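Those protein sequences? They're chains A and B, same order as listed. With the first letter of the first sequence counted as 1, position 149 gets the number 149 in this note's numbering; the numbers rise by one all the way through. To convert, count from 1 in the second sequence and add 359; that's this note's numbering.
In case anyone wonders, no lab produced these hints; they're calculated from the structure. If you're wondering where the values come from, they're calculated on a predicted model, not measured in any experiment. Possibly wrong hints are sitting among the right ones.
Short derived list, chain A residues pointing at chain B, Cβ under 10 Å [what the hints assert, rightly or not]:
1) Ile30
2) Phe75
3) Lys117
4) Leu119
We treat Cβ as the ideally placed atom computed from N, Cα and C, and that holds for glycine.
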Amino acid sequence: MAKKVICALSGGLDSSVAASLLKKAGFDVIGVFMKFWSEPEKNGLVGASNRCCSLEAEIRARKIAKILKIPFYVFDFSKEFKKKIVDYFLKNYQKGITPNPCVVCNKEIKFGLLLKKALALGADFVATGHYAKIKIKNQRSKIKTYHLIRAKDKNKDQSYFLWMLNQEKLKRILFPIGDFTRNEVENLAKKFKLPVLKLKKSVEICFIQTTINDFLKKYLKEKIGKIVNSEGEILGEHRGLWFYTLGQRKGIPLSGGPYYVLDKNLKRNLLIVTKKEKDLYKKELIAKNVNWISGSQPKLPIKIKAKIRYRQNLASATIFKLNFKSYKLKFDKPQRAITPGQSVVFYKGEEVLGGGIIS
Amino acid sequence: MKKNKRKIYFDYAATTPVDPRVVKVMLPYFSKKFGNTMSLHSFGQEVKEILEESREKVASLIGAKPNEIIFTSSATESNNLALKGIAFANKNRGNHIIISSIEHPCVMESAKWLESQGFEITRLKVDKYGLVNPEDVKKAIKKETILVSIMHANNEIGTIEPIEEIGKIIKSEIRNQNSKIYFHTDAAQTLGKIPVDVNKLGVDLLTGSSHKIYGPKGAACLYIREGTKITPLLHGGGHEMGLRSSTVNVPAIVGFAEALEIAKKEMKKENERLSKLREKLEKGILKKIKNAHLVGHPQKRLPNIANFWFEGVEGESVVIELDLLGIAVSTGSACSSEKLEASHVLLATGLKPHQAHSSLRLSLGRWTKEKDIDYVLKVLPKVIKRLRLISPTFK
Numbered sequence: 001m002a003k004k005v006i007c008a009l010s011g012g013l014d015s016s017v018a019a020s021l022l023k024k025a026g027f028d029v030i031g032v033f034m035k036f037w038s039e040p041e042k043n044g045l046v047g048a049s050n051r052c053c054s055l056e057a058e059i060r061a062r063k064i065a066k067i068l069k070i071p072f073y074v075f076d077f078s079k080e081f082k083k084k085i086v087d088y089f090l091k092n093y094q095k096g097i098t099p100n101p102c103v104v105c106n107k108e109i110k111f112g113l114l115l116k117k118a119l120a121l122g123a124d125f126v127a128t129g130h131y132a133k134i135k136i137k138n139q140r141s142k143i144k145t146y147h148l149i150r151a152k153d154k155n156k157d158q159s160y161f162l163w164m165l166n167q168e169k170l171k172r173i174l175f176p177i178g179d180f181t182r183n184e185v186e187n188l189a190k191k192f193k194l195p196v197l198k199l200k201k202s203v204e205i206c207f208i209q210t211t212i213n214d215f216l217k218k219y220l221k222e223k224i225g226k227i228v229n230s231e232g233e234i235l236g237e238h239r240g241l242w243f244y245t246l247g248q249r250k251g252i253p254l255s256g257g258p259y260y261v262l263d264k265n266l267k268r269n270l271l272i273v274t275k276k277e278k279d280l281y282k283k284e285l286i287a288k289n290v291n292w293i294s295g296s297q298p299k300l301p302i303k304i305k306a307k308i309r310y311r312q313n314l315a316s317a318t319i320f321k322l323n324f325k326s327y328k329l330k331f332d333k334p335q336r337a338i339t340p341g342q343s344v345v346f347y348k349g350e351e352v353l354g355g356g357i358i359s
Numbered sequence: 360m361k362k363n364k365r366k367i368y369f370d371y372a373a374t375t376p377v378d379p380r381v382v383k384v385m386l387p388y389f390s391k392k393f394g395n396t397m398s399l400h401s402f403g404q405e406v407k408e409i410l411e412e413s414r415e416k417v418a419s420l421i422g423a424k425p426n427e428i429i430f431t432s433s434a435t436e437s438n439n440l441a442l443k444g445i446a447f448a449n450k451n452r453g454n455h456i457i458i459s460s461i462e463h464p465c466v467m468e469s470a471k472w473l474e475s476q477g478f479e480i481t482r483l484k485v486d487k488y489g490l491v492n493p494e495d496v497k498k499a500i501k502k503e504t505i506l507v508s509i510m511h512a513n514n515e516i517g518t519i520e521p522i523e524e525i526g527k528i529i530k531s532e533i534r535n536q537n538s539k540i541y542f543h544t545d546a547a548q549t550l551g552k553i554p555v556d557v558n559k560l561g562v563d564l565l566t567g568s569s570h571k572i573y574g575p576k577g578a579a580c581l582y583i584r585e586g587t588k589i590t591p592l593l594h595g596g597g598h599e600m601g602l603r604s605s606t607v608n609v610p611a612i613v614g615f616a617e618a619l620e621i622a623k624k625e626m627k628k629e630n631e632r633l634s635k636l637r638e639k640l641e642k643g644i645l646k647k648i649k650n651a652h653l654v655g656h657p658q659k660r661l662p663n664i665a666n667f668w669f670e671g672v673e674g675e676s677v678v679i680e681l682d683l684l685g686i687a688v689s690t691g692s693a694c695s696s697e698k699l700e701a702s703h704v705l706l707a708t709g710l711k712p713h714q715a716h717s718s719l720r721l722s723l724g725r726w727t728k729e730k731d732i733d734y735v736l737k738v739l740p741k742v743i744k745r746l747r748l749i750s751p752t753f754k
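Given these sequences and hints, build the entire structure.
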């Protein structure tokens, strides 16, 4: 009997091609559209623009399912999404750190709730249109191990956002487009006669309609504090620490710059700035809540390549153990603006070994 | 994909297909007799005539006078008009409204909105069968009370409320207080299914729906007893005696009246047939599936609704599994998972959230055959068994 796959359909090109490839490969495919949270408008209407789960996107996803002749269902995860992603996002900003909501969404929603539901429905796999690969290795003891590998398309590679996955989850996940470049995916869409969409430029965070600052202003309000330099001299006033990210240059209300955000003192509500960009470079970081995808920590210290934000080149570093789930990374070369709250992801060659949250 | 072409509909409480006899009477009113009921000329008059005939028909079928029937677009609209229209027209006398805790969302949400506008809402508890205790209505009434709205039968579990008794209690309270308390019932699930007579029920307002009784969507009615003080929601050209401005949806209303007439004519025989089928379904399920429980009142219940909960399975999973096998049913598990948003009706009957999430509603109707019941009885036990095998909570 054909293996049953629940394929997440966002209405976009990548997931549509992913579902098509699965269908062609002979899987028993069920399309699922997930509804996430989007900001309510002032008048109580639901905002239209959580781009990946607007009504428009749902209609597109439904059309794709119809073209592929697969069953289609809508799962409303908006309540859970609000609780687990949006509230987490706001709570972190409030603490003065800069979170990666997509990392948590992958763990809690796509490969959390959706996976759980898929298994409850008797599906063998969950598939998504992520650009990443899973490699299965047969160990001598007949045990299979699952390895998360960077996508063929290095520019689109989304393995950074998947470091929270584990063996239990990986063995139930399929990434059908990981072996294709975006260009190839577009050509496949044409070949499969899928409606090609001209999408708006993609936004950074799916549930934010305007800018992060506008969003934070709405939910966290302003909290005026002092701007100081590293010597403690008061230079001016800021509107709330959550509006600033480490390394940021634009938007600091001081003249005679440029100034860069160097640090935040949450207790005293101080924004610490510097004129010297080189102050932003640090050689070390502490990673917390570390996850090893293999399920066990490799022998330490270990030389790896690390990414401290999504759009960043890999940098050589060595990992040392500090204590339970807490590790120290020493980079070969200093890194600019290592930002608390962001994910640091560890790579060995093409493989993602794991990652952690920068503290 | 399994090639399973068989498709069986067990969700008649959600909506029904339009009876071909109804379609037939509607057809002339799309392209041939298309006029606006407000026009003076013959095009307008021929549709005005059928509109009023439809009104008379609906009125006579529920023991009302024609001028007491307002046609609307949906039961949701009728319920909104009943609650908000009464509340705002009578707020000089009081601001207190009584509803039950198992009303349809359009009543629950209208009440919630009225609360935000300064009205006080009492939501009456129900017993484990979903029944409102008429004594609780009596206790809840106070001098500020202007409206009581209790549904005739519940859409999820089928329990029929003691409307007649509540109506009598309200009447005696009116005599005691010497102040009018309006009584509304949402009969969207009962009109055309069990006898509905506004005078026997003792209601001042009653909501009825077309698409639940093999009529088209987009038509519904609100019975408003003569002399009732009510204010419209839609202002405009003054259609429907000024209570519901909007160009009248003549084809849908013609269909509604015809559907109601057919339903009433066939009611007795159809209910006997449905009761037998449902009995077979319920007995079969309780016999073949262990740890399955019936929800709703054993007797005081609509003949076409069967609601169960199955230990250790998620209702939504059962719905999707059955759908993939060609059987359409519904669940009180409104959401995706977790403990959130289980059906307020099931919770009100005392079910725990995880029990409510494992509920399944099968509703039967005009085209349900015995072989459909047999098919469900063959398929459902297997589905439940399989889902329980992979369920983390069922041992």
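Here's how the hints hold up against the structure:
1. Ile30: This hint holds: A:Ile30 lies near chain B, its Cβ roughly 8 Å from the closest one there, short of 10 Å.
2. Phe75: Check passed: Cβ of A:Phe75 comes within 5 Å of chain B, closer than 10 Å.
3. Lys117: Result: holds, 6 Å to nearest chain B Cβ.
4. Leu119: holds, 7 Å
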